Every structure is written in C-alpha cells, then in structure tokens.
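Protein chains in written order, with numbering that gives the first Met the number 0: chain E, 0 to 749; chain X, 0 to 101; chain F, 0 to 161.
Because the hints were derived from the structure by calculation, they are not lab data. Do not rely on the hints blindly, as some may be mistaken.
Stated by the list, open to error - Straight-line distance between alpha carbons at most 25 angstroms, and here's what the computed SDA-like set of lysine to any residue pairs gives: (1) K100(X) x G715(E); (2) K100(X) x W89(F); (3) K100(X) x G720(E); (4) K100(X) x Q88(F); (5) K100(X) x T736(E); (6) K100(X) x V732(E); (7) K100(X) x I156(F); (8) K195(E) x I165(E); (9) K100(X) x V726(E); (10) K100(X) x L91(F); (11) K100(X) x R719(E); (12) K442(E) x H404(E); (13) K100(X) x M714(E); (14) K100(X) x R725(E); (15) K100(X) x F85(F); (16) K195(E) x Y644(E); (17) K100(X) x A708(E); (18) K100(X) x G90(F); (19) K100(X) x W713(E); (20) K656(E) x V673(E); (21) K233(E) x E579(E); (22) K614(E) x G634(E); (23) K116(E) x R31(E); (24) K100(X) x Q722(E); (25) K100(X) x Y729(E); (26) K100(X) x L730(E); (27) K100(X) x P83(F); (28) K116(E) x V106(E); (29) K100(X) x I717(E); (30) K442(E) x D346(E); (31) K100(X) x T723(E).
As the list claims (entries may be wrong) - Computed footprint of chain E on chain X, listed as stretches where at least three residues anywhere in the stretch have a Cβ under 8 angstroms from a Cβ of chain E: (32) 20-33; (33) 87-99.
Model, not experiment: these values are computed from the prediction. Backbone N, C-alpha and C fix where the C-beta goes; we use that ideal spot for every residue, glycine too.
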Amino acid sequence: MSNPIFNLAVLLPLLPFLAFVLILLWTGRNKRLSAGLAVGSIGLSWILGWAIAIAAFRVEGFGANPFLAFRNWLPTGPTWQAFGIVIDPLTAVMLIMVPFVCFLIFVYSVGYMGIGKPEGQHDVRGWPAEPGHVDPLVSRFFAYVALFATGMLGLILADNLILLFIFWEIMGLCSYLLIGFWFARKYPDPKQITPKEAGLKAFMTTRIGDTIMLAGILLLWIQTNSLSFSEIFKPQTLASLATTTANLPILGPTPWATLIAILIFWGAIGKSAQFPLHVWLPDAMEGPTPVSALIHAATMVSAGVYLIIRTYPLMQAVPHGPALQFISFIGAFTALFAATIAFTQNDIKKVLAYSTISQLGYMFAALGIGAYIAATLHLLTHAFFKALLFLGSGSVIHGMEHGHHAVGHSAHGDTEAAGHDEVSVSPARFDPQDMRNMGGLFKRMPRTAWTFIIGGLALSGFPIVTAGFWSKDEILADAFVNGHTLVFVTLAVAALLTAFYTARQIVMTFFGRPRTEAAEHASERDSIFAWMTIPLMVLGVFAVVAGWVAIPEDFPILGALSSNPFHHFIGGLAEALEIEANPLPFRLSPLVVSLIVALGGLLLGWLVYRGYAGKGAPAEGSPLEIPDPMARPLGRAYTVLQRKYYFDELYHAVFVKGALRLSNWLFRVDDLWVIDPIVDGVGRLGRWFSEISRRFDTAIVDGAVNGIAAITNWMGGIVRGIQTGRVQNYLLVGLVTVSVLLGAFLLLPK
Amino acid sequence: MVPLTWYLFLAAALFCIGVFGALSRRNAIAVLMGIELMLNAVNINLVAFWRYTDLGQMTGQLFAVFVITVAAAEACVGLALIITIYRQRHTVNVEELDTMKG
Amino acid sequence: MQQVAFAVLSLITLGAAIMVVTTPSLLRSALWLILAFFGIAGIFVLLNADFLAITQILVYIGAISTLMIFAVMLSSKVMDPHQPRFNEQWGLVGGFSALLFVALAAIVSRVVWPVAQGEVPVDTIQRLGADFVGPYVIPFEIASVLLVVAMIGAIIIARERE
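Chain E with its partners taken away, still in its complex shape:
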C-alpha cells in the first residue's frame, strides 16, 4: 500500500540538484540568489521529507511492506539492473534527520559565509573573507553543498548498491571540493596541511575504502546477479551466500557473505574515518565550519554507518560470523583510539573531529554486536548534537575573529594582508580556532555557549535530558546484556574519555577568564549571528528531545510513559529482515556504569581544567605557552597522543613517499625515456615519409606533368615556326603541294 506522497520522493534529491545546476549555470554572480536557491531547495526537500516520513509512520507494518518504485535501468547482459527508491522505516527516520539538518546548516551558512555583507576589497578568491565581508566564492559554496545534499538524499533513497555507490561517490566529490574550498590558502609553516592538500588527502584515503567496497559489490554481483536490496536480502540469497565459499589464499575457504561483507565494510571504514583510514577527517577541518558540520559530522560520515545498517542482513548472514566481529572490533577500537587523542587537541574543531571518529566507532561497535536499533538511534541523535557542536564551534570561531578584528588585527592572522603567497615574518600567528586563545566566552556569546553546552552534554551522555544518553546507554546495555564484555569495557572507557574531553572543551572555551584580547572582545552582535544562532537553538531542542522517542519501556519510571515508538518502527523493519532486535530487559548495571562514566567524566574534566581556565591571560608571553594540565602527568605519552600516535607520519613514510617516487619514475618513463620518445619517433617517421612523398611529388609527378607541358610547348614552338607571317611562304606551300600532287598524279601508273 502506498501513500501517493511516496511517489514524490524522487524529488528529494532532485530539488537540490536543480539548485546546484542553476547556481553553476546562471545565478553564480548573484550571491544572494544563489544562497536563496540552495536554502529554498533544501527547505522544500525538508518539508517533503518530513511529510513522507510522517506518512510512513502512519502505515501499519511498514517494515514488512516498504514502498518500492523502480525502473529497469542498466542493461547487464541478458538482464537488467533496476534503479529505484525504497522507502521503509530506515529511510523514514533518515528522512527526518537528513534534510532537516541540511536545511539548518544551509541557513547557518548564510550567516557564516557572510551573505548580505559587502564584498571585501582585499579579499582574494580562494581565501576566507575578512570578517564583515562576504566570501568571494560563496555561490560556488552553495552549489557544492546543494550537490552534496543531492548525494546524501539520493543515498538514503537508493534501492540498490550501485545507485547507492553513485551517490556515495558524489558525496566524496563534494567533500573534496568543500574541504578545499579555500584552495588558495597557504600557511607560513610548511608542515601545516593546506586546504587543498587536505581535500586531496580526504579523497585519496576514502578512495582506498571505496575501491575495496567496489570490489565487494562486484563480487556480490557475480554471486547473486542483482544488486537491488530486495533481491539480495531474500533469505534464500543470503543463505546461499553464507554457505557457498570462496577459496582464498591464507584464509582458506571463506563464505562469500563474510568476504563481501568485510569488503563492503571497508568502504564504511574509509567514509566514516575509522581506523586505519581515519587520518583524513581531522585534516578535513580545513574546510569551512558548515562543511565540517554537514559532511564530517552529521551526514557523510554517517553514510558509512547507514551503509552497514542497510546491508545488515548481509553482515549477519553468517551468524556470529567474522564479519560482525571485525566490524565490532574496528568500531570499538576506533572509539577508544580517537577518544584518547581527542583530549590532547587544542583546535576546537579537531577535538570535535576526533569525537566524531570516536562516536562513529560506537555505532559500528553497536552494529557489530547486534544492537541494530540502538546503532540507528545513535546515528540520528549523534547527527543532531554533533552538528550542533560544530555549528557552535563555527560561531565561536567567528566571534573570536570579530574580537580579533576589533582589536585591530587581520582576523586570519596567517599573513598580514590576505592574498600574499610569501610567508609573512610575523612570529605569532593568531589562530581563532585554538582553544588556548579562548576563555570566558560564556558571558560574551551566551546563545552560542548555551547551545554548545547542551550539545556537549548530549555527547557525553548526560542522563535523561539529552538524546545522547538514550542512544549511548542503549548500546552499552546491549553490550553488557549480550555478554560482549570486551566491547562493553572499551566503550565504557571511551565514554569516560568522551565526557572528559567534552568538559575540557567547554571549560577551556567558555568558562574562566579570557586568555587573549580577541576572546575578551568576542561577541555575537553582528547580523550574521542571527542566521547562525537560530539553527543552533533549533538543534539544541532536538539534542534534548530526540532521544525521548526511544525510551525503553522497561526503563524505571519513565519507561511507563513511553511506548518506545522508535523501537517499534525500526523493529518492524528488523523483523521483516530477520534481524534480532528484541527489546532488552532492563538491567541496572549498565545504567549505573553509564551514569558513572558520563557524570564522572564531566566532573573530572571540570576539575582538571577549571584552574587553567580561571587563570585567564598570562602575564607575559602567549597563552599558547601555558602547558596543558594533563601534559605533565602523562609526560611522553601526552606528546604521542597529541601527535595522533604518529600515524600521519607513518602513512606518509610508508605509502605517500613510495607513491610519489613511483609517480616520478613513471613520469620519467612516460615523458622522458620511453613513451614520448616513441611518440615523437613515430611523428618523425611520419614526417620523413611525408618528406619523401613530397620530393617524389615534386620531382616525378610534377616533373611528369611539367614535362608534358614542356614537350607540348617545345612542339608548339617548332610548329609555330611554320607560321612565318610571310605570305610568300604560305603560297610556297600551296605551290609545292599542287606541283607535287600533279607530278605524282602524272607519274604514277594508272
């Protein structure tokens, strides 16, 4: 049964795509119109998305009867691969989150990128604008984010792996374009990664995951001859995949399902920045903050999680199989790994980046242990509060820039007049993103502060009143109840660290006294902050209430009030796909642990850092020189953590250098030694032939033609001699003829 509104679902990705095309082709010059187009299109998609989702909620047993619409599209030999959309409970809940968060971030971007502000005289294309000015390339920005929205919306509607992969790649492209949005930006420190390099790094790293995923998809195709979800998740198909094996070297006979599942999961590892392909996400913070919020927190990185949720029947085709174990291992490990790095980072966005990596690890761990519904819930709640946190950090950064500008410096500080390529000699470059420069922003930027704190609490899992609590607690409970002790412990420690570094972040940024003049003069008073703080507040609301749709019925006191609609809705889907998703019995222990790690972590963070925050600006020297309170106790370990376990250096030495050398060698082979000389040689050979042909033509052919003409000329010259112009000569001819003829006539015998 289908509500006719479902047929409109195809508009969801098309509207932002239309905005993308229109901005690129026509409205690029008009910044306001471009922004308006983008926001308008995603706004429409939001309304339509909510309408469809609400219609979906109303359908009884939607999980068993999803809405499908497809067309035979790709001819594949004797069969067709159909392309279409699927709307089932998973799609519906994603449609609640995705277009809405996109819309809020688009609105936020209007303020963040300075729409409505005058153009700066000294602003260079490819550099961020001076505060108070609009970014010179903002139309392009909106075009790219619109394209990105197309990708994400298409991804969640896709009904087969190939279509999903196409949108996956679109998002990868947009990620590259948007990370490198300020493509001309350079830093005085050559070791610091530029936006252009960061974009390339992101693209390359996710490429590795994508390639492996593509291999998995292709193998799946070979085995099942179809990539549509409805086809491959049929029980018979899954059973055959689970039982037929591929003979792999070293690993021996492996069920196809395991192999394909792991290969596809590698795509998620790349896209969701899990270990070992996590290195791109922190550097992706070089992009504008809305981009970080949109792509690298709420949507694109969660596409990896979405992929696993969507293909979960395949993941669990082999019960308790290596695929799920691998997923949970990677997830749990990454969760802890990233959390340990997060509390040593000083850039406000980098903390959030590692936090994202860590939370994504949570989701994968949850999926690995079978907490299907909990993982989905955490995906949604995380999107809200992580987007909130990123947008809040963007607001903080803008506030710091305005404060810095107010004190009379160029806000970006990297070179004195933006646009010079040469390294400026100014010694201390002011970084508005460095938390060590902040402090005391609570009074100066209240709305940002409140919403940020709400988001931080949600991230830490502050009980009851934050959405993060419900989803995180659910995961921990599932791990505990089902006996995955190692995962439980890892996730609990990670949760502790999460709360700790969140408290650190909040205290360093908002509490205490300002450590620089810029922080002192930071403010929310500019008109752009109106655009920015309203989405913050809306997200703040969602960060609080989003979890309440999933309060377990067994929960003390509150459970009685809740019918856990979320669980029922998604549970319907799980049931249709034969995924184990029974509601868990309530246990006290995981709840207590959850409360201890959350509240305890927050308290610890506050305790450790309040002294640091309270000190305010140092008497002399820069605030960057103040040591972090955690630095001395941890000693050498702190440095290792701050350098992210030296993974970037390791990868550079192992992979990047070798690739560069190979590329260089190939360049020499191609251009200098082999290919070009061959091509040139062929060219020269051609010219040589042509030269010979020319000579032949000139000498022989032309010679023949000219020769004939010359002969004719010569003969004519001779014959011309007959015409002497003298009548007597002519008459002589007559005389000769007549006399000869007569003579011959007479002399010849009759």
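The hints should help you fit chains X and F onto chain E, whose structure is shown.
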C-alpha cells in the same frame, strides 16, 4: 596553223614565271607584277581555248574581259595598300610584313 | 607564217616575263612588264581576239602599268638596289615552279583536246556587247560595281590620314 598546245605551253610557261616572281621577290610591287603575269597567262589560256574549241559563243573572251576587270581592280587596291604600308612602315619589303608570325 | 609570228611573240613575251621577275630595278621591271603585255596583246591578235587585244593594251598597259610605275616612283627611295632581289626561298620556288611547268606541260601534251573548226567571227565586238547586256548582264553590272568599290576602297585606303 598554230596548234592549240603551243598556246597552252606558252600560257603554262608564263604562269610558272609569274609564280616564280610572286613567290620569290622581296618587293611587294614585284610580287604584284608576278601576279599580273599569272593573270595574263590565264587570259591566254581562255582565249586559246575559245579560239580552238568554242567559236560559236563569246564565252572565252567574255571571261577574259572579266579577268582583266578584276585584275585592274585588284592592282588598284593592292597598290593603294602598298602605298599605305609604305607610309606607315617605311618599307615595301614583304618579308618585313610578318606581324602574323607565330 | 602564223607559227613564226607565234614564235616571235612568245619569245618576246617569255623573255620579257623572265626579265620582269629577275631585274633588280623595279622601274626596269615595270617596263619589261609593259613589253610582256605588248607581247600578249600580239598573241591575242593571233587568236583573232581583237577586242581583247586592244583592251589588254588599254587597260593593262595604259592603266595598270602606269599605276605600277606610280607606285614604284612613290616608293623608290626605300628600295636599296644592292639588296638581294630574291628572298631566301627562291630556290625552292624555282624548282617547284619548274616542276609545275613540267606537270602542266605533261598534261597539256597528253590530253586530246577537242579541237573544233569553226567560222571565226568578225563581229566580235558586237557579239561581246550583245552578251554583256544580254545573258551576262548581271556579271557585267557586278563587275562595274566591283570597280567602283575598288576605286573607292583604294582612295580610302591610300588617303592621307589627318
């Protein structure tokens, strides 16, 4: 009685002398003289034939009269031409009148 | 008797003719031509063509030769008497004219001429006159026109250009 053939020989001889004169002299007037000789040879032939074969009619003589008439006209025009050419080119050497050469 | 006359006359004629074509001086050549004309007139007399003989003298000697002498006089300055009389092809011409003569003579001697004897008319003039205005009136008229045309043409050709 002079046989016809003698007249014919005379005429032939005179004609050939006229041919020689017309074709080998340089002076244009000399060429005209040669032509006159040729015409006279023709006249002799005509009259001889009239006399010996066709006395009933006057055709032979008639024709000869016409020949003389035409010869007169032709000599007149020819000499006018020669005088004009002489005025223009200051030559009466037919060898120099070869603008149609080639 | 006639044959002697013929022989003499033909000798005069041919001799004069040869002198016409070989004399370097044009004036002499013209005079020899007059002599040749006289000889031919005599031949005409022998042939009983009296009118024609007189006409020959009148026209040829009286008019044409005079004209030629005029032309010679008018152009005498140009001709250099020491220049060769003949052009370079005179040898060929002589040879082939001789050949022509031989051929013609051969023809003349081989053909059986249909000689007919008849009454020599004494009133040739009357007969000629009757023929001119009778059966041959048209050629007669045309001949007069021709003469007029030639005259006018000669005047036009030879008049002084302003």
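Comparing the hints with the structure gives:
Between K100(X) and G715(E) the alpha-carbon distance is near 13 angstroms, which keeps this suggested pair within the 25 angstroms criterion. Using a Cα cut-off of 25 angstroms, the hinted pair K100(X) and W89(F) holds, with the two alpha carbons roughly 20 angstroms apart. A threshold of 25 angstroms between alpha carbons decides the hint, and for K100(X) with G720(E) the separation of about 8 angstroms falls inside it, so the pair holds. A distance of roughly 17 angstroms separates the Cα atoms of K100(X) and Q88(F); the hinted pair therefore holds under the 25 angstroms criterion.
Proximity of K100(X) to T736(E) is assessed by CA-CA distance (about 22 angstroms); at most 25 angstroms being required, the pair is judged to hold. A distance of roughly 16 angstroms separates the Cα atoms of K100(X) and V732(E); the hinted pair therefore holds under the 25 angstroms criterion. Of the pairs offered as hints, the one joining K100(X) and I156(F) holds, with about 24 angstroms between alpha carbons and a cut-off of 25 angstroms not exceeded. Only pairs whose Cα atoms come within 25 angstroms are accepted, and K195(E) paired with I165(E) is accepted, the gap being roughly 24 angstroms.
Note on K100(X) and V726(E): the hinted pairing holds, with a Cα-Cα distance of about 10 angstroms set against a maximum of 25 angstroms. With a CA separation close to 21 angstroms, the supplied pair K100(X) and L91(F) stays within the 25 angstroms bound. Between K100(X) and R719(E), the direct Cα distance comes to roughly 8 angstroms. Compliance with the 25 angstroms bound is thereby established for this hinted pair. As the CA atoms of K442(E) and H404(E) are separated by approximately 19 angstroms, the hinted pair is consistent with the 25 angstroms bound.
Only pairs whose Cα atoms come within 25 angstroms are accepted, and K100(X) paired with M714(E) is accepted, the gap being roughly 16 angstroms. Between the alpha carbons of K100(X) and R725(E) the distance comes to roughly 8 angstroms, so the proposed pair stays at or under 25 angstroms and holds. Distance check on the hinted pair: K100(X) and F85(F) sit about 20 angstroms apart at the alpha-carbon level, within 25 angstroms; holds. As the CA atoms of K195(E) and Y644(E) are separated by approximately 24 angstroms, the hinted pair is consistent with the 25 angstroms bound.
Distance check on the hinted pair: K100(X) and A708(E) sit about 22 angstroms apart at the alpha-carbon level, within 25 angstroms; holds. Taken as a hint, the K100(X) and G90(F) pair is honoured in the structure, with Cα atoms around 22 angstroms apart against an allowance of 25 angstroms. Simply put, K100(X) and W713(E) have alpha-carbon atoms about 17 angstroms apart, close enough for the 25 angstroms limit, and the pair holds. At most 25 angstroms may separate the alpha-carbon atoms for a hinted pair to count; K656(E) and V673(E) meet this at roughly 24 angstroms.
Between K233(E) and E579(E) the alpha-carbon distance is near 16 angstroms, which keeps this suggested pair within the 25 angstroms criterion. About 22 angstroms separates the Cα atoms of K614(E) and G634(E), which keeps this hinted pair within 25 angstroms; it holds. With a C-alpha separation of about 10 angstroms, the suggested pair K116(E) and R31(E) falls inside the 25 angstroms cut-off, and the hint holds. Distance check on the hinted pair: K100(X) and Q722(E) sit about 5 angstroms apart at the alpha-carbon level, within 25 angstroms; holds.
For a cut-off of 25 angstroms, the pair hint linking K100(X) to Y729(E) stands: about 12 angstroms separates their Cα positions. Proposed proximity of K100(X) and L730(E) is supported: the alpha carbons are some 15 angstroms apart, at most 25 angstroms. Under the criterion of a C-alpha separation no larger than 25 angstroms, the hint pairing K100(X) with P83(F) is consistent with the structure, at around 22 angstroms. Straight-line distance between C-alpha atoms of K116(E) and V106(E) comes to about 15 angstroms, which keeps the hinted pair within the 25 angstroms bound.
Taking the CA atoms of K100(X) and I717(E), the gap is near 13 angstroms; set against the 25 angstroms cutoff, the hint holds. Using a Cα cut-off of 25 angstroms, the hinted pair K442(E) and D346(E) holds, with the two alpha carbons roughly 21 angstroms apart. For the hint pairing K100(X) with T723(E), the CA-to-CA distance comes to about 5 angstroms; that is within 25 angstroms, so the pair holds. Requiring three or more residues with a Cβ within less than 8 angstroms of a Cβ of chain E, the coverage given for the stretch 20-33 of chain X holds, as 4 such residues are present.
Interface restraint, the stretch 87-99 of chain X with chain E: holds (6 residues with C-beta to C-beta distance below 8 angstroms; minimum three).
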